[in-house]
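Once you've looked at the hints, dock chain B against the given chain A.
Number of protein chains: 2
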Amino acid sequence: MPNRLLLRAANSQRLEAFATGNRLTRPLVHRYVAGYTVEEAWKAAEELKRDGIDVSLDLLGESVDDIKETEAAMQEYRAAMEDLGKVSPGATIAIKLSQLGVFINTEQCAQNLEELLRAGEHYDVGIEVDMEHSSAGRPTLEIFRQLLAQFPKARQAFQAYMRSTLADLMSFKDIKPRIRLVKGAFDEPASVAIQDADEVTQQYKYLSRWALENLPDPAFGTHDDQCIDYVKQVANELGLGREDFEFQMLYGIRRELQQELVNQGYRVRVYLPYGDRWYPYLMRRMAERPANLLLFLRSLVGG
Amino acid sequence: MPNRLLLRAANSQRLEAFATGNRLTRPLVHRYVAGYTVEEAWKAAEELKRDGIDVSLDLLGESVDDIKETEAAMQEYRAAMEDLGKVSPGATIAIKLSQLGVFINTEQCAQNLEELLRAGEHYDVGIEVDMEHSSAGRPTLEIFRQLLAQFPKARQAFQAYMRSTLADLMSFKDIKPRIRLVKGAFDEPASVAIQDADEVTQQYKYLSRWALENLPDPAFGTHDDQCIDYVKQVANELGLGREDFEFQMLYGIRRELQQELVNQGYRVRVYLPYGDRWYPYLMRRMAERPANLLLFLRSLVGG
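Order-wise, the sequence lines are chains A and B. So for the first sequence, the numbering used here puts the first residue at 1; every next one is plus one. So for the second sequence, the numbering used here puts the first residue at 304; every next one is plus one.
Bound conformation, chain A alone (with noise of 0.2 Å):
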C-alpha cells in the first residue's frame, strides 16, 4: 500500500516549493512526467505510438480554490485537445474533475466536463475522468451519471480499493460505462478503503472479473503482473479477444513489460503527465514504491 508519510509530503506546498526550484531533480522527474511543457509531451506521445502504444494525456495540476481558476485549466485541456488527436491518433485524455471545480460547484463543474465532452467529439479525442479522494468521489460519479447518457464514449477511473466500487459500477445499470479500473492511491480511512495490500489486489482481481463479464472495453491500469495475468486469464476463459479490453500504466513505469504486451497483441495506453506542477503527482508514485525515494532524495541533495 501506499506510504503514508509521503502521501503527506505529497500535500507539503513547501516541499513543493523547493522541490521544484531545484534543477537537480530534472533527471528524475524526467523519468516519469514526459516533460514541463505540451511540447515535450508531445514528442513522447509520438515516440511510444511508434511502438503501438496509445497515451493518455495528464496535465499535471491541482484542485482549485476558486470557480474563476478553473478557466485556466479549461483553456488548457481545450489547447491540448487540439492538437493531441493529430499527434497521436487514438490518443485519449485524462479529466482531474478537482481542477474543474468539483469541490466548489458540481454544477459548474458538470458544465466544464461536458464543454470537454463536445471538444473530444469535436476533435475526435476520448475522454478519461480520473478518480481523486474519496472527497470527490460522490460528486464525480454523479457527474458521470448525468453525462453519460449523451457521450456514452466516455471513460471513468473507478477505485479497486474502496469498499463501494462494486457497487458504484452496477449503479450504472441502463448504460453499461467505459471504465478504467486501479487500485487507488490516495490516504483513505479504512472506514472507506481497505488497507490490506493482499486485500486490495485480491478485490481488483474480483473487480477486473466483473468488468469483463459486464462492462464494454475496460482498461486496466495497474502495473502488477498478478493482476495482468489474471485479466489476461479470465479474458480468455471468456472468449475475448486481446483488443477487447485494454492495459494502461503510467509512464515510465514498467517499460519493458508494456512493450511485451503490445508485442503479444494486448492493446496498452500510457499515462502521460506533463507540466510543471509535477510535484505531488510524483510523491505519488515515490509513496507507492518509497525504494524510489532514495534517487529523489539524492538528486535533491545533489548526491
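Simulated from the structure, these hints should not be mistaken for laboratory data. Note that beta-carbon positions come from the ideal geometry of N, C-alpha and C, so glycine has one too. Do not rely on the hints blindly, as some may be mistaken.
As the list claims (entries may be wrong) - The following residues of chain B were derived to be distant from chain A, with all beta-carbon distances above 10 Å:
(1) Glu374
(2) Val390
(3) Ile407
(4) Arg448
(5) Asp527
(6) Val565
Claimed, not checked - So the derived list for chain B, only partly shown, Cβ under 8 Å to chain A, looks like this:
(7) Leu469
(8) Ser474
(9) Glu502
(10) Gln505
This is chain B only, laid out in the frame that chain A set:
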C-alpha cells in the same frame, strides 16, 4: 478467520458419525446447542425470555439431496412455529434454504419458503432466512427478492466477508429489506470473499454504518466488541434509539455480554440451535475459535 481444516472437518460424515455416537461429547454440545429435542429448546427459550432476550430458533439440519426430503424439514418448521410464538412471544425462526431444496429445485424451494412465510404470519412468528455457502447465495437472494414484496417483514442474512454484499444490498432498491449482518463463517475462496480477519472486521463496520443509515430495523449478528461498539456509536451519531436495531449472538457465546446489552436497553436476540444434527454446526463454532477444539477433543476421548 475460521480455521479451514476445521471447516473441512465439519463436512466429514465419518467424524460426524463418530462424534454423534459418543455420549461423552454431551457437555460440550450443550454449551452451544440448546438441546437435542424441541422440548429442550423451549426450555432454553423461556429462560432467555425471562432475562429479556429474544430467540431465533434454528433447527439443526443439513442440505437435502432429494426434493422429497424437504418435506421432513417443512414438517418440522411448521410444527415448531405453531408453538414458538406461545413459548417466546417476539421469537423468530431461522430458515436454511439448503433444507428447503435450494440446491435441487429453486422454484420448489421458493414455494416452500413462501408456505413458511405464510405460516409465520399465521402464528405471528418472524422468519429469518440464513445465508449459507456462496454456492447458495445467488438463488437465495433471488428467492428473497421474489417474496419480499409480499412479505416485507422477512429478514435475510448477509455476510460482510463477501465482496458482493454492498452491491447485493443496494440491488434491493424499492423495498428496503430487513437484514441480519454477519461476518461470514464458511470456507470461501479469495475470489469471492475477503480473507484477512482485520479487513473483514473493517468491512463489517462499513456495512453496519450503511445498514443503520439505509435500512429499517437491522440486526447485527456479531460477538466482536469492536463491531458492537461501532454499531452503538454510529446509531447514536445518527440519532437512532436503542430499540431501532438489534444485536444477535449465538446460544452459549458471550452470555454475559448478551445480558449487559439488554441491561443497557439494547435489543438482543439469541440464535438457538437444537436437534441431533449438531455436529457441523458445532465444528463451525470450533473453526471460529480453535481454542475450544481442545475442549471438544478432550470430551471425545474422555480425557
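Check the structure against each numbered hint from earlier and tell me which ones fail, lowest number first.
Every hint satisfied by this model.
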